[in-house]
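Peer 1: Keeping their order, the protein sequence lines are chains A, B and C.
Going left to right, the first sequence walks through residues 49 to 301 as the numbering used here numbers them.
Going left to right, the second sequence walks through residues 638 to 696 as the numbering used here numbers them.
Going left to right, the third sequence walks through residues 7 to 152 as the numbering used here numbers them.
Hints were generated in silico from the structure; no laboratory data involved.
For every residue, glycine included, the Cβ atom is placed at its ideal position computed from N, Cα and C.
Among the hints, erroneous ones may be present.
Stated by the list, open to error - Once the Cα atoms are required to be at most 27 Å apart in a straight line, the calculated BS3-like pairs of lysine-lysine come out as: (1) A:206 / C:12; (2) C:12 / A:52; (3) C:89 / C:72; (4) A:168 / C:72; (5) A:59 / A:206; (6) A:265 / A:59; (7) C:12 / A:59; (8) A:54 / C:12; (9) C:12 / C:72; (10) A:265 / A:54.
Claimed, not checked - If you want the footprint, here are the derived chain A segments under chain B, 3+ residues with CB under 8 Å: (11) 59-69; (12) 100-110; (13) 261-274; (14) 279-292.
What follows is each chain in one-letter form.
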Amino acid sequence: MWQKIKVAFHKLGSPAYFYGFSGRLLPWLWIAFGGLAAWGLYQALFVVPPDYQQGDSYRILFIHVPSAWQAMMTYVTMSVLAVITLVWRIRIAEIMAMVSAPIGAAFTLICLTTGALWGKPTWGTYWAWDARLTSMLVLLFIYLGIMGLYAAFEDRRKGARVASVLILVGLVNIPIIHFSVEWWTTLHQGATIRLFGESTMDPSMIEPLIYMTIATKVLYAALLLMRSRTELADQDRRRAWVRQRVAGSTARG
Amino acid sequence: MSEFLEMGSHGFYVWTSYAIFFAVLAWQVCQPVARHRRLRAQLIEEQALRKGNYEDEAR
Amino acid sequence: MTPTRKRRLAMVSVLVLGVGTAAAITIATLQDNMMYFMSPMDVHAETVEEGRTFRLGGLVADESVKREPDGLSIRFDVTDGYKEVPVIYTGILPDLFREGQGVIAHGSLDANGLFRAHEVLARHDETYMPPEVAKALERAGHPSSD
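When you get a sec, could you build the whole thing from the sequences and use the hints?
Peer 2: Next up, the structure:
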């Protein structure tokens with residue numbers, strides 16, 4: 049069993065195999081995302097009742113919260129990949145860590161903009177410099193910094209290692225984001241959904257949140273594979289497998 | 638229907654939020670697709686040049 | 007694991023631990039500056055000097071909201087359950103503003119201990135429920151807001 053897993057891992061480490069495998073997996077991920085998001089958004093917009101205080105504006109929660117979670121989750125995933133990059137120097141992990149940065153930045157951007165649009169009708173302001181909002185903005189800058197640092201290196205493998213150090217330095221921001229609403233007084237309210245203890249959302253409202261949360265996870269996986277195989281093919285453009293698979297007449301893009 | 642679009646007078650905020658979600662998502666999909674296409678086009682051109690039948694392929 | 011990898015893993019661990027410790031110390035030192043607002047209790051305990059701007063946060067005390075005779079300004083008390091601070095504000099209030107609601111007012115204390123706010127934001131809690139559920143809870147004797 050262990051041996052089988054090891055073999056499968058080594059196979060995935062081969063660029064040509066990874067390229068083909070991810071290409072076959074991608075359509076299924078998009079179908080899964082489409083289904084989950086369609087059902088989740090239908091529930092969020094048409095089915096769940098309005099909130100007793102905020103009315104309908106709280107429907108922004110169903111994209112704001114899953115995006116915020118995914119922005120942080122992407123960072124944690126990227127950090128694990130950064131450790132693999134620095135310690136084991138596995139090339140696929142390097143690439144996946146590096147292409148995670150723009151995806152994480154996109155989720156952070158969605159979180160910040162939808163949060164601002166939610167803040168105006170509820171709090172009365174688009175933005176406040178409280179600990180939660182500020183630490184989330186810092187996360188966006190960290191993501192942009194990682195992208196910039198990686199792009200600055202001619203040797204991409206070296207760039208990936210240097211950027212991985214920055215990833216691990218920036219990891220400290222993740223618990224700060226999470227606990228900001230507990231450690232300090234903030235305009236942002238505390239956590240509604242808690243891993244331990246009771247959640248403070250009525251059960252009739254929770255279903256779309258679950259669907260949208262899974263949907264954003266699948267979306268991350270799909271975007272990660274898409275970007276990884278493009279980056280991989282670009283780095284290996286002089287190699288035979290790319291000529292066969294990417295530019296060859298039999299291969300599909 | 639118009640009541641649904643209004644979202645209890647918060648329609649602007651709700652719909653702009655959902656639009657941003659899909660706009661950013663579409664941008665995230667288009668970026669790698671465009672890069673992949675560009676790479677493919679470059680590789681095909683290089684191959685054609687190497688074979689020496691560039692003129693034929695271009696026409 | 008090969009010795010090289012062990013060495014690299016050790017370096018990565020030192021990096022993460024080092025940055026974590028540095029951040030923890032910084033955060034502990036800046037604790038007060040990271041606070042977005044002060045509660046009425048803080049205001050009473052720390053004797054904030056007159057004219058210094060800060061944010062005051064708490065609940066709008068029940069039956070304290072009154073319009074001033076000029077028709078534009080509004081007066082209310084902000085409470086944290088222990089102490090109260092009277093507030094006067096002229097301007098547009100957020101939709102969620104009402105008695106019992108969490109608010110954050112930005113302004114300063116005058117000589118009489120009245121908080122003159124130039125901005126009032128509503129703070130909402132992390133509870134979400136349909137209006138019917140909120141009503142049912144209220145009927146059962148549970149306060150529904152904050």
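Peer 1: Each of the hints needs a verdict: does it hold here or not?
Peer 2: Outcome of the hint check:
no. : hint         : result
1   : A:206 / C:12 : holds, 20 Å
2   : C:12 / A:52  : holds, 25 Å
3   : C:89 / C:72  : holds, 19 Å
4   : A:168 / C:72 : holds, 25 Å
5   : A:59 / A:206 : holds, 24 Å
6   : A:265 / A:59 : holds, 24 Å
7   : C:12 / A:59  : holds, 24 Å
8   : A:54 / C:12  : holds, 20 Å
9   : C:12 / C:72  : violated, 69 Å
10  : A:265 / A:54 : holds, 25 Å
11  : 59-69        : violated (count 0)
12  : 100-110      : holds (count 5)
13  : 261-274      : holds (count 3)
14  : 279-292      : holds (count 5)
Of the hints listed earlier, those the structure fails to meet are numbers 9 and 11, in rising order.
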